[in-house]
Amino acid sequence: MALILVVDDEESVRLLLRDTLELDAYDVVDAADGPGALGAFEEHKPDGVILDIMMPGMSGIDVLREIRAREGGADVPVILLTAAGDDKTTWDGWSAGASCYLTKPFDPDNLLSWVERMLA
Amino acid sequence: MSSPAGVAPPIRRVVVTTAVLGALASAALVVLSLTVWSGFVPTLPSAGIGPAQSFVMIVVLTSIGQFAYVRVRHEDAWEELNFFEVVLAVAILLLAPAMALIATLTGMLVAELLIRRGEWVKVTYNLGNYAASTAAMIATYHTLLGIFGSRQFWTAPQSFASMVSLVVSAAVFTGINGILLADLLRAASGAPLLSTLREGRVLSVLMAISSVGMGFMAVALAFSAPAAMPFVLLPALALWYAYGEAAQRAEAHERNDSLVTLGSVLAQQASTDHLLTDAAAAIRLVMGAPEVATIPDVSATLGPELERRVASTLATATTPRPLTPRELPQGWHSGAVTRMDLGGGRFGAILLGTTEPRHRGGILRRGRGWELQESDQGVLGALVAAVGSAMRAGAAFEALKEETAKLSAVVNNTSDGIAMVDGSGAVRLWSHTMERMTGVSAATLAEPRGALPPVARSIIDAASPESSPVHVHLVRGDGEELDISLSTVRVRQATSEDAPSAGWARILTAHDETRERRVDRLKNEFVANVSHELRTPITPIKGYAHLLATRGDRITPEKRAQAAKIISELADRLSRLVDDLLLTSLKSENNRLDIDMGVEDVATLIAEAVAGYPALAARSTVSLPEEPLLVACDRIRAVQCLTNLLGNAEKYASPDGVEVTVREAGRRIAIHVRDHGPGIPAAEQERVFERFYRREDPFTMEHGGAGLGLAIARELAQAMGGRLWLRTPADGTGAEFILELLRATEDGTVPNDTAHTRAGARPPGPPGGSMGSPDNRLVAS
Chain A
0 MALILVVDDE
10 ESVRLLLRDT
20 LELDAYDVVD
30 AADGPGALGA
40 FEEHKPDGVI
50 LDIMMPGMSG
60 IDVLREIRAR
70 EGGADVPVIL
80 LTAAGDDKTT
90 WDGWSAGASC
100 YLTKPFDPDN
110 LLSWVERMLA
Chain B
0 MSSPAGVAPP
10 IRRVVVTTAV
20 LGALASAALV
30 VLSLTVWSGF
40 VPTLPSAGIG
50 PAQSFVMIVV
60 LTSIGQFAYV
70 RVRHEDAWEE
80 LNFFEVVLAV
90 AILLLAPAMA
100 LIATLTGMLV
110 AELLIRRGEW
120 VKVTYNLGNY
130 AASTAAMIAT
140 YHTLLGIFGS
150 RQFWTAPQSF
160 ASMVSLVVSA
170 AVFTGINGIL
180 LADLLRAASG
190 APLLSTLREG
200 RVLSVLMAIS
210 SVGMGFMAVA
220 LAFSAPAAMP
230 FVLLPALALW
240 YAYGEAAQRA
250 EAHERNDSLV
260 TLGSVLAQQA
270 STDHLLTDAA
280 AAIRLVMGAP
290 EVATIPDVSA
300 TLGPELERRV
310 ASTLATATTP
320 RPLTPRELPQ
330 GWHSGAVTRM
340 DLGGGRFGAI
350 LLGTTEPRHR
360 GGILRRGRGW
370 ELQESDQGVL
380 GALVAAVGSA
390 MRAGAAFEAL
400 KEETAKLSAV
410 VNNTSDGIAM
420 VDGSGAVRLW
430 SHTMERMTGV
440 SAATLAEPRG
450 ALPPVARSII
460 DAASPESSPV
470 HVHLVRGDGE
480 ELDISLSTVR
490 VRQATSEDAP
500 SAGWARILTA
510 HDETRERRVD
520 RLKNEFVANV
530 SHELRTPITP
540 IKGYAHLLAT
550 RGDRITPEKR
560 AQAAKIISEL
570 ADRLSRLVDD
580 LLLTSLKSEN
590 NRLDIDMGVE
600 DVATLIAEAV
610 AGYPALAARS
620 TVSLPEEPLL
630 VACDRIRAVQ
640 CLTNLLGNAE
650 KYASPDGVEV
660 TVREAGRRIA
670 IHVRDHGPGI
680 PAAEQERVFE
690 RFYRREDPFT
700 MEHGGAGLGL
710 AIARELAQAM
720 GGRLWLRTPA
730 DGTGAEFILE
740 LLRATEDGTV
750 PNDTAHTRAG
760 ARPPGPPGGS
770 MGSPDNRLVA
780 S
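Quick note, the sequences are listed as chains A and B, same order.
Just so you know, numbering that gives the first Met the number 0 puts 84 at position 85 of the first sequence, and the rest follows in order with no gaps.
Just so you know, numbering that gives the first Met the number 0 puts 477 at position 478 of the second sequence, and the rest follows in order with no gaps.
Hints should not be assumed to be uniformly reliable.
[Claimed, not checked] In silico DSS-like pairs for lysine-lysine, Cα to Cα no more than 30 Å straight-line:
#, chain 1, residue 1, chain 2, residue 2
1, A, LYS87, B, LYS541
2, B, LYS564, B, LYS541
3, B, LYS558, B, LYS650
4, B, LYS558, A, LYS44
5, B, LYS541, B, LYS650
6, B, LYS522, A, LYS87
7, B, LYS522, B, LYS650
8, B, LYS650, A, LYS87
9, B, LYS541, B, LYS522
10, B, LYS558, B, LYS541
11, B, LYS564, B, LYS650
Derived from the structure by calculation, the hints contain no laboratory data.
Just need the whole structure built from these sequences, with the hints factored in.
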């Protein structure tokens, strides 16, 4: 069963992501901030990552760059989530190596189809 | 000096002393003449003339001698050279001592009376002086001749003795005459007696002796070879002519000096204030007139009588002309007037003249008195025209100064900073507004370009007429950030001595956009924040709603309940945010809030607000008063105000909870909300109440929020007559917000008498006094 790392500073969003993914039979680990996400990434070696961009301290894009630079992190699918849909953030996300880019609020079915496609 | 009454006391004293001295000396000589020198016999080779004729001749000659004189400038004084000494020498040789004295003094008196009609002080002084000097000379001559042993002087040795005696006595005459004159000068102008004497001594003595010598020769020739008389007149005339030439040269020299002075006066015409007076004084010297009067602007004033009298004829006068008797200023005897054109139909006048009677011209041309000579008309006209030009230039300069001052006031006081940079890059203008905006003073910029402060350098380098306006972002010397919009235009610059290479100058206009840009930035951040704040709760609401709808059957009841709770809490959060936004937009539109004032118990308000934050309340201490404390407020607004304070605390200081206490403060009730968060530096304690203000960059921010909560809370507090402020607690940690509301009584009135209010109220307990008490601890599930 695939393991997904969910990173968001907002607890309700983490819960939603976890419930959505678990209902579709994924395993979920979560983290509330950048350093937590990197720790969980090292510990659990997830099959995919769902990453919020706008987080305190370390932004999702920074976390993504860090993951891409790590051993085994270059090919991990990473879905970026953000409330801000402006061009610069989008560009930064793609150039940092995002596999997919979703804006909040997202459709859980849409999210699941992207996760499925990426893990295939 | 028309009457003794108008004479200064020191001068009067000298005149009286001199007159008394003259009288005493004369009396002494008369006595000596009748006793010691009674045997005087003028021994003449061919005595064709008796003593009586001689007496009359001396009187007439002395009188004529007084009229014929030459003024010779000597150092700073004028020597007046006349025939008195010549005639005196003749008198001494021909007449008995007393007769010689009386004859010369009589001749002098006649001349003086003719010359100085009414000027008794001058007449008295001159007579006194000459009586004393002459008596001394005659006495000296006869004494010396007596010592030489004979009164028979006409034989060769005697004539030699007579000659020597005459020379020595002439020196005595000059000495006494000079001392008395110097004494008068000392009294009149304070000039030291000795220095006056020293200045004049050589010339005076030589002149006196040569005059006496001429007298001697004249007498000798007249009685031995009358036919040779005309020949003695030739050197005499030559001498007079030489004196006259010297006098004119000296005068011309002085005139040149005065012209130089006048030139410098006209050149330094920075102000018209002193120009006319200075120029008039210089013209007076050039023209040698004793008196001068100026009329600055005939057409402007026409006030004093003199100006009215002169103005009528002046309008048509183009060249200098003599003044008519009607036009003469008070006390003047003669004079001339010259029109001074001031431009624009305005004109002034310069008047030259004298107070001395005009008919007293000497035998030679330049005598006493002053009249405008025909030959001087051209010079005077040109000089006055030059003064007029200078006056016009001065007036134009004054007008220019005034215009410049106006312009400079405008430049310095417009809200935009204005600067001018010349072609060489030197800053020619840096307005006051520019100084304030940039923190760089104009004085600093006067230094060479290398020393330009970075801020000024950035502005000047950015100023380009091709790409105008440009936006410049700067950091001032004091660390303040500055956004300016810089417009630049190029202007042709007049080349000046200071900047010969400058061809084009740039004029910079700096509009301070710092505030506008900051507001812009805050608004952008606000939009980003609001967008984030709205989307964040909507994501789980929408997501869970979708999950419940599509997969409800596969979700456990616990999970379903959790989903419902999350949806409900987030909906509350959205609702509060929307309230805040609405309130803000209302406030920004009509700038006032609708407040429905009532009376509420503080405890109710606090409880209601705390209930909105159950998680925070669980970690917090709320101390409520034991008895009701009534405040005047709009209940909904007051609760919202407290809610915003608690929301702020939850956002920034959540882990340690807050302490809520109530204190009585005179006619106000204060609700303290103290947190244990990171605190707010003193410098930012007011800014946190600004709308859209957030202490963080929105993209790395740790906490959500639109930056409205505290701004709204303060506006609400003020709308209810209360206030909201912030302080750092005494122990230096966290922050303490204090909401003060007006105290009210049961019937809804707001008492304004502090003492009255206190009577019915219990004193406030210490803030931590009730902490931990179960009754006061509000713990939400």
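Going down the list of hints, with the structure as the test:
1. LYS87/A / LYS541/B: The given pair, whose Cα atoms are some 26 Å apart, holds under the 30 Å limit.
2. LYS564/B / LYS541/B: Within the cut-off at roughly 13 Å; holds.
3. LYS558/B / LYS650/B: 27 Å, holds
4. LYS558/B / LYS44/A: Answer holds: LYS558/B to LYS44/A is near 27 Å, not above 30 Å.
5. LYS541/B / LYS650/B: Given pair LYS541/B, LYS650/B holds - Cα atoms ~24 Å apart, limit 30 Å.
6. LYS522/B / LYS87/A: Within the cut-off at roughly 18 Å; holds.
7. LYS522/B / LYS650/B: 21 Å, holds
8. LYS650/B / LYS87/A: 28 Å, holds
9. LYS541/B / LYS522/B: 28 Å, holds
10. LYS558/B / LYS541/B: Holds, because 16 Å separates the two Cα atoms, which is no more than 30 Å.
11. LYS564/B / LYS650/B: Between LYS564/B and LYS650/B the Cα gap is close to 20 Å, so the pair holds against 30 Å.
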